[in-house]
Each structure stands twice: as structure tokens, then as C-alpha cells.
Amino acid sequence: MRPFYRAGLMLALMLFVSPDRSFAVESIQRINDIQYATADGHRLQLDLYLPEGVSQPPLLVWIHGGAWRAGSKDHMPLAALVQQGFAVASVDYRLSPVARFPAQIHDIKAAIRFLRGSAEKYGYDATKIGILGSSAGGHLVALMGVTNGHPQLEGDLGDFDQESSRVDAIVDYYGPTNFMTILPQSTPHGLSVRVPALQLLLGDRPENMPELARLASPVFHVDEQDPPLLMIHGDQDPQVPINQSHELHGKYKQHDLDVTFEVIHGGAHGGPQFFDAQRMQLVEAFLRKHLATQPQTGQKALQSN
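Residue numbers (the working numbering): 1 to 305.
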């Protein structure tokens, strides 16, 4: 292929897969340490990133990883999306040394309710919300998406109990999805990380607490009401086996739901390639499509599937 034809083809492909770049902004406003709720004396906070000069930007929520026992809202890798016109809230939640599951999901659902109730104050559009997270955060965002309205996981934190905690699009970066299978799938290195992490989160190994482990596992909650899902996982991940994403992908396909599975060949557990230009374009296109067109889903009833 001649060089100028190749360049033209690449440009056409970029324009096809990349959303309208007219949303780009030059400056970002960051509001730190907004308190969204309190729990057992702990102040629960988030940071809000707003693209300046954009009226009513769509809202995204970032949930950090750290094996449920570490990590912080301070490390938010979605600045490129803010520059393309999205608002992003980076949320802290109670870590497992402080509180066991389901405290983490109660906190995040409270954050979503707060963000919906505060949309007019801060000037973003929270009609539909996309949620993204990596590793333990990937697990939490997937669980958020497939448990809209779940009575055991909703919690009662915060002052916005009349607002919905529904999310409308999920981006899961290499998160666990099935606590009943992750340990048998793991390498020795993975076990050295996951066993103590899950013991802290659940109170014991998953096989010793199967009811709680299933409640915490996204694969056991999937049904036809669930929002679109994008998963990004490295096929050489030494900490969260890629089979975890295969399991959730299979459940989505079983229910004929909208799911995209991006495998990073040679990818490990995180790294720059997960947030490079190619993947950020994929994520942006996914979010623009589904936050603009995905119909609202009803509240889910408690299931024991």
C-alpha cells in the first residue's frame, strides 16, 4: 500500500472510531474533598473534575483500585476524558481494614445519589452516569452496574435517599468478577495477593463464606436489565486472571446484553497501555454512545441466582 493511501486510511479509521473532537477543552477545574456522606464517623469524600467552558458535561465516576485495602481518589487517570468534555468524580470509599463488604458498595451508591442530587449545584448532567474503575475498583464498578436497586447493597448513607444510584454504562479495567472461582484460577503470585485481600474484605476465604462471596460477585447478579459493559483486561495478568473477565463477558452474552471485551495481548495488571490513545478513544466512543442513547433501566429486585 502506498504511504499516502496508508495515511489516508488511518485517518479515516480514526475519524470513524473516534468521537467528535470538538468537545476538547484547554483547562480543567478541580474541586477537592467534597463530602458526600459519613459512615461510622468517617467522612466520605470525592474530588470533582469539570471541563471549563462546557455546559452540562456528562458525568463519569472513577473508582480506584488497591485490593480493596489501599488506594486513593487522588490518583485519577481520566484527565484525557475531562479534556474531551466529560465531568469526572473520583470517589473514595471505606477500605477493608476499616469496614468489610458491603460497606464499599454502600459508599459508592451513596456517592452516586449525592452526585445526582448535586448536579444543579455543580453544573454537570447526571441524567445518565458512566462508572469506571480498575482492579478492585473494576470489581466494584461492575457490581454497581449489575445491582441497580439491589436492596442488600443499596445502603442508607447520605442525604439524597430520594435519588437513584443507577449507573448507565460500565468500564471495568481488569476487575475480579467471581469470588468463588478467582482463587482456583490464580497463579501462586496471585494467591499471595488475593487470599489476604479477600480475607480482609469478606472476613474469611470465599469458600468459607459462600453466601457473602456470591453477593459480592457480579457474575451472580447479571440479568436483562443491566447497562452496557466495556471490559479491558491483559491476557498475562498475574493478579486477576483474565478468566474473571471471560466469566462476566459470558454472562452478558448469555443474556444478550451489550458487552465489549478488549484484550490487551501481553498486558499485565495495569500499565500505560490501558490508558493509551487507542484505548481512551475506545472508552470515549463507548461512553458517548451509551450515555447519549441508553434508555433508563428500572430498579432490580433481589435475586438469588
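You may find that some hints are simply not true.
Claimed, not checked - Quick list of simulated restraints, FRET-style, between CB atoms:
1. K289 <-> Q29: 25 to 33 Å
2. Q56 <-> D156: 47 to 55 Å
3. S55 <-> P238: 43 to 51 Å
4. D223 <-> L183: 24 to 32 Å
5. S192 <-> S27: 29 to 37 Å
6. D40 <-> Q278: 28 to 36 Å
7. E207 <-> Q29: 42 to 50 Å
8. Q29 <-> L183: 38 to 46 Å
9. G41 <-> A268: 33 to 41 Å
10. S27 <-> N208: 26 to 34 Å
11. K121 <-> T38: 14 to 22 Å
12. P196 <-> A292: 27 to 35 Å
Unchecked claim - Straight-line distance between alpha carbons at most 30 Å, and here's what the computed DSS-like set of lysine-lysine pairs gives:
13. K289 <-> K128
14. K121 <-> K73
15. K128 <-> K253
16. K289 <-> K253
17. K289 <-> K73
18. K121 <-> K253
19. K73 <-> K128
Quick caveat, the hints were computed from the structure, so don't treat them as lab data. Ideal Cβ positions, reconstructed from N, Cα and C, are used throughout, including at glycine.
Hints, verified against the model:
no. : hint                      : result
1   : K289 <-> Q29: 25 to 33 Å  : holds (26 Å)
2   : Q56 <-> D156: 47 to 55 Å  : violated (29 Å)
3   : S55 <-> P238: 43 to 51 Å  : holds (44 Å)
4   : D223 <-> L183: 24 to 32 Å : holds (26 Å)
5   : S192 <-> S27: 29 to 37 Å  : violated (44 Å)
6   : D40 <-> Q278: 28 to 36 Å  : violated (43 Å)
7   : E207 <-> Q29: 42 to 50 Å  : holds (47 Å)
8   : Q29 <-> L183: 38 to 46 Å  : holds (43 Å)
9   : G41 <-> A268: 33 to 41 Å  : holds (38 Å)
10  : S27 <-> N208: 26 to 34 Å  : violated (51 Å)
11  : K121 <-> T38: 14 to 22 Å  : holds (19 Å)
12  : P196 <-> A292: 27 to 35 Å : violated (42 Å)
13  : K289 <-> K128             : holds (12 Å)
14  : K121 <-> K73              : holds (21 Å)
15  : K128 <-> K253             : holds (23 Å)
16  : K289 <-> K253             : holds (19 Å)
17  : K289 <-> K73              : holds (26 Å)
18  : K121 <-> K253             : violated (39 Å)
19  : K73 <-> K128              : holds (22 Å)
Consistency note: the structure conflicts with the earlier hints numbered 2, 5, 6, 10, 12 and 18.
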